[in-house]
Structures are given as C-alpha cells and as structure tokens.
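So the sequence lines, in the order shown, correspond to chains P and D. In this text, residue positions in the first sequence follow the working numbering: the first is 1, and each later residue adds one. In this text, residue positions in the second sequence follow the working numbering: the first is 1001, and each later residue adds one.
The hints are simulated quantities; they were obtained by calculation from the structure and are not laboratory data. Hints should not be assumed to be uniformly reliable.
SDA-like cross-link-like pairs, simulated, lysine to any residue; straight-line CA separation at most 20 Å [to be verified]: (1) 1070/D to 459/P; (2) 400/P to 506/P; (3) 192/P to 65/P; (4) 1036/D to 509/P; (5) 601/P to 1036/D; (6) 1071/D to 424/P; (7) 1070/D to 394/P; (8) 1034/D to 580/P; (9) 1030/D to 522/P; (10) 1030/D to 601/P; (11) 522/P to 1057/D; (12) 459/P to 449/P; (13) 1056/D to 283/P; (14) 522/P to 1034/D; (15) 1038/D to 1005/D; (16) 1071/D to 584/P.
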Amino acid sequence: MPRALLPIVISLLSYGFWLSDAFRGIAAGVSIFLFGMLSLEQGFKAFTGGVLERILQKTTDTSWKSFGFGFLSATLMQSSGLVSVITVSFLSAGLLDLVAGIGIIFGSNLGTTTGAWLIAGLGLKVNIATYAMPLLVFGVLCIFQNGKQLKGIGYILTGLGFLLLGIHYMKDSFEHVESTINLAHYSMSGIKGLLIYTVIGIIATVIMQSSHATLLLTITAVSVHQITYNNALALVIGANIGTTVTAIIASLGANIQGKRLAGSHLLINLCTGIIVLIFVKQFSMAVDIISAHLGISVADPTLKLAIFHSLFNAVGIVIFFPLINQQVLLLEKIFTEKRPTTFMPKYLDLSAMDFPETVVESVRLESIHLYENALHIILRTFGLDEHDLQQNDSLAQRLKHTGDAIEYDIDAAYEQRIKGLYSAIIAFISQAGFSWQMTQSAKLSWLREANKHVVEAIKDTKHLQKNWSRFRLSSNQATADEYHKIAYQIALHIKNIETFRHELESNELPLLSLDTLKASIKNDDLQMNRAIETLIREQKITPETGSSLINDSAYMRSIKKNLLKAAETLFLYGNNGATGVEHQLALNETEINDVIHSVDKR
Amino acid sequence: MKIEKLLHKLQAFFNTDNHKKRQHIEELKKILLKLKKKELKITHALQQADQDCLIKHYQTELEIIRAQRKKGIEVLHQLKPPKT
Chain P
1 MPRALLPIVI
11 SLLSYGFWLS
21 DAFRGIAAGV
31 SIFLFGMLSL
41 EQGFKAFTGG
51 VLERILQKTT
61 DTSWKSFGFG
71 FLSATLMQSS
81 GLVSVITVSF
91 LSAGLLDLVA
101 GIGIIFGSNL
111 GTTTGAWLIA
121 GLGLKVNIAT
131 YAMPLLVFGV
141 LCIFQNGKQL
151 KGIGYILTGL
161 GFLLLGIHYM
171 KDSFEHVEST
181 INLAHYSMSG
191 IKGLLIYTVI
201 GIIATVIMQS
211 SHATLLLTIT
221 AVSVHQITYN
231 NALALVIGAN
241 IGTTVTAIIA
251 SLGANIQGKR
261 LAGSHLLINL
271 CTGIIVLIFV
281 KQFSMAVDII
291 SAHLGISVAD
301 PTLKLAIFHS
311 LFNAVGIVIF
321 FPLINQQVLL
331 LEKIFTEKRP
341 TTFMPKYLDL
351 SAMDFPETVV
361 ESVRLESIHL
371 YENALHIILR
381 TFGLDEHDLQ
391 QNDSLAQRLK
401 HTGDAIEYDI
411 DAAYEQRIKG
421 LYSAIIAFIS
431 QAGFSWQMTQ
441 SAKLSWLREA
451 NKHVVEAIKD
461 TKHLQKNWSR
471 FRLSSNQATA
481 DEYHKIAYQI
491 ALHIKNIETF
501 RHELESNELP
511 LLSLDTLKAS
521 IKNDDLQMNR
531 AIETLIREQK
541 ITPETGSSLI
551 NDSAYMRSIK
561 KNLLKAAETL
571 FLYGNNGATG
581 VEHQLALNET
591 EINDVIHSVD
601 KR
Chain D
1001 MKIEKLLHKL
1011 QAFFNTDNHK
1021 KRQHIEELKK
1031 ILLKLKKKEL
1041 KITHALQQAD
1051 QDCLIKHYQT
1061 ELEIIRAQRK
1071 KGIEVLHQLK
1081 PPKT
C-alpha cells in the first residue's frame, strides 16, 4: 500500500471502529488472521533445508500426490480455506512450486465437500476455533525454547492458532449479521433466482469467512423449507466461489507465488461455478440419479445438496486438473513479478577484447561505476546521499536530520546496484585471459582486488547497520552520540576521498597525500576506542554497549580502509597517476603508526 | 669520426645504470622539494588554525610529510655516491 494512503486508511478504520462494534471485531479478526499467516510463514522457514522439504517433496512430487495431500488435509481440517492459506505460506516460503500448490487446491476443494456430508448426514461440525487456545499456548511455549526447529514448530502452532482465532473473531462479529439473513423472505425461481442466490452465497461466505457456515445455513434452511432446493443449489455454488476469499486475504501478505495460487483458487472455483450454473438442470438430474443409486430419498434435500457439492467439485477437477500447466502459464502472465531495475554494465564491451589496454580501461571505468554505487549504498544507510557531500553545511548537521530515516534495505540495494555489475566485471576479467607476462594482466588483477574491497565495504556497512539502527536514537545520549560519530566519520572519509579524486589533476603528490587519509583512519580508530573506554569507566554506557561500539568502530575502520584501497587502485594505479619514486616515499603501516603515536603524545 | 661515435654509444650503453640512477636522484630531489613546499604550506595553516580538531589534523599531516621527507632523504643518501 502506498505510504500516502496509510493516514486515510487509518482514519477510515478508526471511524469504522467508532461506528460499529461488529466492524471492530471483523477488522481485528482480519488482522489476527494475517498475523497468523506471517507467523506460519516464519515457522515453515525454520524447516527449509530439512525435514519439511523432504516430506513435502515426497507428498507433492506429482500432481496426483499434491491432490491427495490437499484432499486429506482439507478432510482433516474441515476447511479448504485453511488448507489454501497454509499452501500459500508454503509457496511463499519456497517449499512448494505453483503446480504442486494448484494440485493441493484441487484436492482441498474435494476434501472440503466432506463437510457438507457431515453437516447434512451427521449434523456434526468440527469447530476449529476451539483449537485456537491450546495451539497458541503450546506454540508460545515452543517459541521460548532453544533450537531452531522447536521455535519453528512454535511459530507454526501460534500461526495456526491465530488463523483460527481470526476466523473465530470474524464469525463472532457477524453473528448478528447471520441472524438478520432470513432466506425464507427472498425465495426466487428461474435464472434470476439462481444468479441472485449465487451472489448471496458468495457474499455470505466472504462475510463469514467460511463456506461451512454458508453450507450450514443453507442446509438448515432447506431442511425446514425456508428456501427452495434450487435456491439452495445456487447458494452452495456461491459458497464455493466465496471460500476463495480466505486465500485471497492470505495472499495479501504473501509473495507473487502466493498471489498466483490465490488467483488459481479463484479461477478454478469461479470457472467451475459458471459451468455448473449453465448446466444446473443436468447437474440436478445427475444428483437425483446418484441419490436413487445410493438409496437417498428424493424428499431429503439436505443429503442431495451434499451430493451436489461433491459432484460439481469433482466435475471441476475433471475439467481443470489436466490443464494445470496452462493455468500456471496464465497466472504467470496475469501476476507478473516486478523486479527492481538492476544496474547494467556501462563500459564492458566484448568487442574490446582484442585490445588489452582498452579492456583494462573498460574494467577500470566499470569498477568506478561499481564504486560509485557502493558509495550511494553506504551513504543511504546513514540517511545521506551524494548531494550531502557537496553541501556547505557540515556533515554532522546533515546527519542530525536523519533521525527519523527509515532503515535502508541494503540487501535489496546490493542486488540492484552491485551484484549484477560485480558479476559482469568478474566475468569480463575472466574472459580477457591475457598471458601473465603482460602488464595488463597485473592491472586487471589489481582492479579485481579493488572490486573485492568495494564489496567488502558494503558487507561491513550491513553489519554496522544493525546496531546503527538500534542505537542511533538511543535514550542514552552518549551511545547515540558515539553512533552518530561513526556515521559522521565514514561520511567525512568518503567526502575526503571524493575531494582527493576530483583534485587529482592539480595534486602534485597524489600517492603521498593518501598517507594523510590512511593516518586519519588509524587516528580516528584510536580516539574512538579511547572514548569508549572512558565512557565505560565513567559508567555513561554499559560494558555491553561498549563492546558493541568497539565492534562497530572496527567495522567503521574496515569500511574506510576498503574504500581507500579501492580508490587508490581505481584513481591512481589504473590512471598511471603515481610515479615509482612516490611509491618509495609512501609510508607503510608501521611508519604511519609511529607518526600517530608521536602526535598523540603531545 | 665513425669510431668516435661508436665509442660514445658504447659508453652510453655501459653507463645505462648510472644514467637511470641520475634520473632517479633528480626525480627524488623534485619530490623532496615539493614536499618541502607542502610542509611550509601546512606549517602556515597550522599557525592560523584555531580549532582543536584542525590543529590536530594539520599536526598529523605535518608529521606525515616530515616522515616522508626523512624517508626520501635516506633514499637519496643511499643513491648518491659518498664524496671522496
């Protein structure tokens, strides 16, 4: 949902809550239901790469096995909605493919018809809501245990508990709605009656979130002759279409595969419904013939309704089950995955392969492209952008305004801005295949290393982001200040490298001037660790926070070092900017340390 | 005349190392001079600085340049033949 719409939705919901208690209950039910979905998904993820995949693989490796799995689960759970919800979460967790998912949906469609037999034949109905409380208790108990799998079971149980509780809340809130639907007053005949009652069946099931509830209502009404048998048939068709809403709601929080499955559920049930509506007379006759064979009295419309429910679902399976692959293709067309636009290489051209110097220059320029993308990611992590580096205000001031910045998704940014480029550069270098005697081979090797440093810097930023997000708004001012200092020093370092890069032409001693930046990395690290020790000693921060700060200052140092190493290769060596004599005078790490300590002693 | 030219070429060939060495020394001297100029510039900036962080920054930069110059002078001594 677009963020701009959020205040409007919240206002509308708040108004609805004030207006109606039932609406509050329904909304709470939907929320609990969706939360259950999330919990279920998290639970299943704990089993990925293990037992669950093997079980699912064995029970859903063919369409017929998937069908059997769906049929059994829906019969046991007495809810095709719940089975489709679980299947959506399986798909979202990547445990199933869409073909297997659709197979399960077909199975659950038939499995759920056993409910009508139970209602009509035995007058029994499994009240799934009663299982919610023990499931929640056992689930939470498992979540608090050690061990990934136990926690996973805990999340699955609480997820199921919340799903059932959500349905229970929805049903409860609609109790008075259910009581107001007096079907006897609206008995209709002909096509008009058929269509209107189908729509009523859909609406009632959508509202009550259960085709069983609609079936119960219909079978009861038809048994006391409140509605005609033909109207009851239409209600059953409507209930079968309306039950797909459970999967649709579940798919709101699922990925594209989940949405495709929900779409498939709707497609199958809707098409079956339309076919049955067209041939309702023939179906009715078939039900009479089957009833006569089974010894069911013509005067018992309840059991005939159960036969009708099973029959038309079976017909739907016969028609659409062989078309699973075509359905998958159609659904993939309807629900297209929106991939983020990834950055493509700008300078790598295979036609340059015969010209070693051109290859090196192409790789250098592409590596600079990668480096610039990395700077963007690092700056955005701290709520800044490239533009901020050029502003006259101090960086510290700019960082203060990033207090409410939303956590930047580094993983997504890496996929979008780095991964493709990095892979393309590595592939291009590998294809170059110069002999190692050639100067260009050495340069390509340096450039490969430079790219590695860039990627390392992003990885370090990701590690740092966890605590930066956690502590930058800490109520402990000293902690928040230190984390702002870390962000500030990284941004300042990037600014200094950028200044160095842009003043390269006028810099008479480029390589030697980098020693100052190397020294500042060492010096900042020294000062930071000293400040942390003082804060711990003065009890302004806890030793635990102190240890986090020490780790994070190490990430800061690593980010700076990696960026500087990459910049040195990309802007100096690659550009032939430094002379051999300069190399002789450049300070090594020990010499830089000596300088830092001599300045520090003053 | 031709023999004289040939002798010159031979002398130049055998003195390639010396020539390279001289070139190296010249380059080194140029860099040391640039470093000296940079040192003076930073010393001046240090005298003008009034903020602690700037003073610290210039002090570090100055010490870096001095260490680089010291290293350069040592290299220069190694390259120059001892005066007899």
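Evaluation of the provided hints:
About 38 Å separates the Cα atoms of residue 1070/D and residue 459/P, which puts this hinted pair outside 20 Å; it is violated. Between residue 400/P and residue 506/P the CA atoms are separated by roughly 34 Å; this puts the pair beyond 20 Å, and the hint is violated. A threshold of 20 Å between alpha carbons decides the hint, and for residue 192/P with residue 65/P the separation of about 40 Å lies outside it, so the pair is violated. Distance hint between residue 1036/D and residue 509/P is fulfilled; the C-alpha atoms sit about 12 Å from each other, no more than 20 Å.
Taking the CA atoms of residue 601/P and residue 1036/D, the gap is near 24 Å; set against the 20 Å cutoff, the hint is violated. The suggested pairing of residue 1071/D with residue 424/P is violated, with an alpha-carbon distance near 42 Å, which exceeds 20 Å. Taken as a hint, the residue 1070/D and residue 394/P pair is broken in the structure, with Cα atoms around 36 Å apart against an allowance of 20 Å. With a C-alpha separation of about 16 Å, the suggested pairing of residue 1034/D with residue 580/P holds against the 20 Å cut-off.
Simply put, residue 1030/D and residue 522/P have alpha-carbon atoms about 29 Å apart, too far for the 20 Å limit, and the pair is violated. With a C-alpha separation of about 32 Å, the suggested pair residue 1030/D and residue 601/P falls outside the 20 Å cut-off, and the hint is violated. Using a Cα cut-off of 20 Å, the hinted pair residue 522/P and residue 1057/D holds, with the two alpha carbons roughly 12 Å apart. The straight-line distance between the Cα atoms of residue 459/P and residue 449/P is roughly 15 Å, inside the 20 Å bound, and the hint therefore holds.
For the suggested pair residue 1056/D and residue 283/P, the alpha carbons sit about 92 Å apart, so the restraint of at most 20 Å is broken. The straight-line distance between the Cα atoms of residue 522/P and residue 1034/D is roughly 25 Å, outside the 20 Å bound, and the hint therefore fails. About 45 Å separates the Cα atoms of residue 1038/D and residue 1005/D, which puts this hinted pair outside 20 Å; it is violated. A hinted pair counts as satisfied when its Cα atoms are at most 20 Å apart, and residue 1071/D with residue 584/P qualifies at roughly 8 Å.
The structure shown violates the earlier hints numbered 1, 2, 3, 5, 6, 7, 9, 10, 13, 14 and 15.
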